[in-house]
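Mind docking chains B and C on chain A? Use the hints.
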Amino acid sequence: LRVNTITLTTDFGLQDWFVGTMKGVIRGLCPKAVVVDLTHGITPGDIQSGAFALAAGCRYFPKGTIHVAVVDPGVGSSRAAMAVETASYVFLGPDNGVLSWALEAEQIKTVRRLENESCFLRPVSRTFHGRDVFAPAAARLCGGLPIGKVGPAHGEWVRLPWPEPQVRTKELRGAIVYIDRFGNAITNIRGEFLRGMDGPAVKVKAGRASVLGLADHYQAVPEGKPSAVIGSSGLMEIAVNGGSAAVKLKLKVGDPIHVRRW
Amino acid sequence: LRVNTITLTTDFGLQDWFVGTMKGVIRGLCPKAVVVDLTHGITPGDIQSGAFALAAGCRYFPKGTIHVAVVDPGVGSSRAAMAVETASYVFLGPDNGVLSWALEAEQIKTVRRLENESCFLRPVSRTFHGRDVFAPAAARLCGGLPIGKVGPAHGEWVRLPWPEPQVRTKELRGAIVYIDRFGNAITNIRGEFLRGMDGPAVKVKAGRASVLGLADHYQAVPEGKPSAVIGSSGLMEIAVNGGSAAVKLKLKVGDPIHVRRW
Amino acid sequence: LRVNTITLTTDFGLQDWFVGTMKGVIRGLCPKAVVVDLTHGITPGDIQSGAFALAAGCRYFPKGTIHVAVVDPGVGSSRAAMAVETASYVFLGPDNGVLSWALEAEQIKTVRRLENESCFLRPVSRTFHGRDVFAPAAARLCGGLPIGKVGPAHGEWVRLPWPEPQVRTKELRGAIVYIDRFGNAITNIRGEFLRGMDGPAVKVKAGRASVLGLADHYQAVPEGKPSAVIGSSGLMEIAVNGGSAAVKLKLKVGDPIHVRRW
Numbered sequence: 001l002r003v004n005t006i007t008l009t010t011d012f013g014l015q016d017w018f019v020g021t022m023k024g025v026i027r028g029l030c031p032k033a034v035v036v037d038l039t040h041g042i043t044p045g046d047i048q049s050g051a052f053a054l055a056a057g058c059r060y061f062p063k064g065t066i067h068v069a070v071v072d073p074g075v076g077s078s079r080a081a082m083a084v085e086t087a088s089y090v091f092l093g094p095d096n097g098v099l100s101w102a103l104e105a106e107q108i109k110t111v112r113r114l115e116n117e118s119c120f121l122r123p124v125s126r127t128f129h130g131r132d133v134f135a136p137a138a139a140r141l142c143g144g145l146p147i148g149k150v151g152p153a154h155g156e157w158v159r160l161p162w163p164e165p166q167v168r169t170k171e172l173r174g175a176i177v178y179i180d181r182f183g184n185a186i187t188n189i190r191g192e193f194l195r196g197m198d199g200p201a202v203k204v205k206a207g208r209a210s211v212l213g214l215a216d217h218y219q220a221v222p223e224g225k226p227s228a229v230i231g232s233s234g235l236m237e238i239a240v241n242g243g244s245a246a247v248k249l250k251l252k253v254g255d256p257i258h259v260r261r262w
Numbered sequence: 001l002r003v004n005t006i007t008l009t010t011d012f013g014l015q016d017w018f019v020g021t022m023k024g025v026i027r028g029l030c031p032k033a034v035v036v037d038l039t040h041g042i043t044p045g046d047i048q049s050g051a052f053a054l055a056a057g058c059r060y061f062p063k064g065t066i067h068v069a070v071v072d073p074g075v076g077s078s079r080a081a082m083a084v085e086t087a088s089y090v091f092l093g094p095d096n097g098v099l100s101w102a103l104e105a106e107q108i109k110t111v112r113r114l115e116n117e118s119c120f121l122r123p124v125s126r127t128f129h130g131r132d133v134f135a136p137a138a139a140r141l142c143g144g145l146p147i148g149k150v151g152p153a154h155g156e157w158v159r160l161p162w163p164e165p166q167v168r169t170k171e172l173r174g175a176i177v178y179i180d181r182f183g184n185a186i187t188n189i190r191g192e193f194l195r196g197m198d199g200p201a202v203k204v205k206a207g208r209a210s211v212l213g214l215a216d217h218y219q220a221v222p223e224g225k226p227s228a229v230i231g232s233s234g235l236m237e238i239a240v241n242g243g244s245a246a247v248k249l250k251l252k253v254g255d256p257i258h259v260r261r262w
Numbered sequence: 001l002r003v004n005t006i007t008l009t010t011d012f013g014l015q016d017w018f019v020g021t022m023k024g025v026i027r028g029l030c031p032k033a034v035v036v037d038l039t040h041g042i043t044p045g046d047i048q049s050g051a052f053a054l055a056a057g058c059r060y061f062p063k064g065t066i067h068v069a070v071v072d073p074g075v076g077s078s079r080a081a082m083a084v085e086t087a088s089y090v091f092l093g094p095d096n097g098v099l100s101w102a103l104e105a106e107q108i109k110t111v112r113r114l115e116n117e118s119c120f121l122r123p124v125s126r127t128f129h130g131r132d133v134f135a136p137a138a139a140r141l142c143g144g145l146p147i148g149k150v151g152p153a154h155g156e157w158v159r160l161p162w163p164e165p166q167v168r169t170k171e172l173r174g175a176i177v178y179i180d181r182f183g184n185a186i187t188n189i190r191g192e193f194l195r196g197m198d199g200p201a202v203k204v205k206a207g208r209a210s211v212l213g214l215a216d217h218y219q220a221v222p223e224g225k226p227s228a229v230i231g232s233s234g235l236m237e238i239a240v241n242g243g244s245a246a247v248k249l250k251l252k253v254g255d256p257i258h259v260r261r262w
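Protein chains in written order, with this note's numbering: chain A, 1 to 262; chain B, 1 to 262; chain C, 1 to 262.
Pulled out of the complex, with its shape left as it was, chain A reads as follows (with noise of 0.2 Å):
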């Protein structure tokens, strides 16, 4: 389990300093480690934003890798740090739920509060955690601390709910739970839930969009039209050929899907 590598999930953006204070920080306390950034576009405080994409990435990294993931409106509030060693990677993060969906899909074997002080920089500031806390935390197991060392045993850990779509006698209904770059609206029905509903006997309903069967890929429908794909992590997405699905359908997250069968 020794890769060196360190992953980065926050919303502090890439206009400031932030992002690059935390590498600093990583490289001066361990700099065999190598800091790779899963993203620093989660929308501000946005919690759940930053819960999925991180269980969406996490796993196509290596076994040993640190994921690091900060959004964190509560920062410097009495929440809890949090380090978690799973069978294949430890996390960090802030005990507000950012970390529980990726772990929904890890094999937990020690939860730990990330108190000991020995670990951070100093003074701990009140606003960022991510450069005094999680950042330096994160480099010193890199460099080879037991977990142990960072705190004691943590009970319970926030959750967040994940939405499962509701099974209906011909319908699912789902919700969009993300929108990506693209405009795509990835929902939380999982492609497995739809296998054998190919072809024109499914019908997806997604805001003003109709949709029949499920498309292949993107470009299978005419440019400016709708589909119904599984996208990349499993999930089933709404596109539009050579557009934004969210703009052209205004979609958002929470909405409505139903995949119907007839």
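Quick caveat, the hints were computed from the structure, so don't treat them as lab data.
Don't take each hint at face value.
The calculated lysine-lysine pairs, modelled on DSS-like cross-linking and capped at a C-alpha distance of 25 Å, are [said to hold, decoys possible]:
id : chain 1 : residue 1 : chain 2 : residue 2
1  : C       : K32       : B       : K63
2  : A       : K32       : C       : K63
3  : C       : K149      : C       : K109
4  : B       : K248      : C       : K252
5  : B       : K252      : A       : K248
6  : B       : K32       : A       : K32
7  : B       : K32       : A       : K63
8  : B       : K32       : C       : K32
Here is chains B and C on its own, set in the frame of chain A:
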């Protein structure tokens, strides 16, 4: 040719986890690879801008660099994926023209169809070949896989037409080919065409702006005023000192440019 | 002082190939260098914001780091390029003030004019010294070139004035110096000035907001409400819980801030 450098040029943006997962895949398959982002800011589906960015940037990397370009609106369709070895580099991307302007300047050694599934992640998704096809293939090539192993020889590939400027007796008619982040409007007119054309004997017309002579640098004209400058890619560009030429002069890709001598 | 780290702070943005080519140049000249982006999101030509970001971020990097800052609207003009060795770092950038706020905190050892053309790419373009001058010079310094070789001693350099807050009997008059991605309005008022000024005896006025006391963290006030917090750079900032202070309170750089005690 062992420089262990892989560049990425995509339209994936940085707001989601897409680029990060490509790096995760590479890190798992070829830990010694150093990944450099050329850019991920290409407008979604804009193959020409992707081709331009790759051509403008690729030659500043050391020999042996593996350049991956994924602007791929036809992902999952029957478009081929290709791998090209040249005297200096390896290029990977969909066969839709995105590699073609960079290849114009290269001495091509072999062109392969990227088809050998043992190079890919499995299963290959329908919508994200950046992660499932191009990243793992690049990692394996970086790790030493001979290019002949990625698939059979590929015949003709898609070449984007480069809009050559038209030479008239007293006039050069060109066009804007790229707008950069500063709002500079880069044209298809190479600096060499303009040699000896300095001074007020030359007049450049771009949209509603008319400029006399070439400027040495952006601040050679008063603040807020337009100029024509030979830019860093060797092409003439229209700039505005302290502002965006694209906004101020309402310029966009495809707009005509006239250079007149009299 | 061999940490092989080069940071980049620019206004080049990430939508084009500019930053990528700087990294390509560095990779070719000094393969062991690890390049870290401090930020490329500085508003085009905004030297003060570049200076602020560099000063806020540079000290989180290990000793020996080479910091390159290119916010350079005067590129190609007669403005000098400079290289500064301090007790902790090397700084490279145009002599237009962009390095000056970072240098305030440093113990300067030598200041050089970056003039030795054998350090540069040839030919040097008129418009992109980030790629042709600063990146190759940084790479060569990282590779061991003594700083004395980059050019002659440089005399006076441009120093941006730091807007010191004015102290009145019962009032501190400051100003907003930076708006970050969260919309927090960072002021020029250092946290130490406010020691002992906690509690409702202090009133902070920023635009149309009037805030009593300093908050411990962003969520210490109700959602949507403004607060004054000592931020992660040690400066007081105006924030809005769950929103953008800049947008909600219509704050911008240069706006006055009053801290009153009574």
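Does the structure break any of the earlier hints, and which numbers would those be? Per hint list: zero violations.
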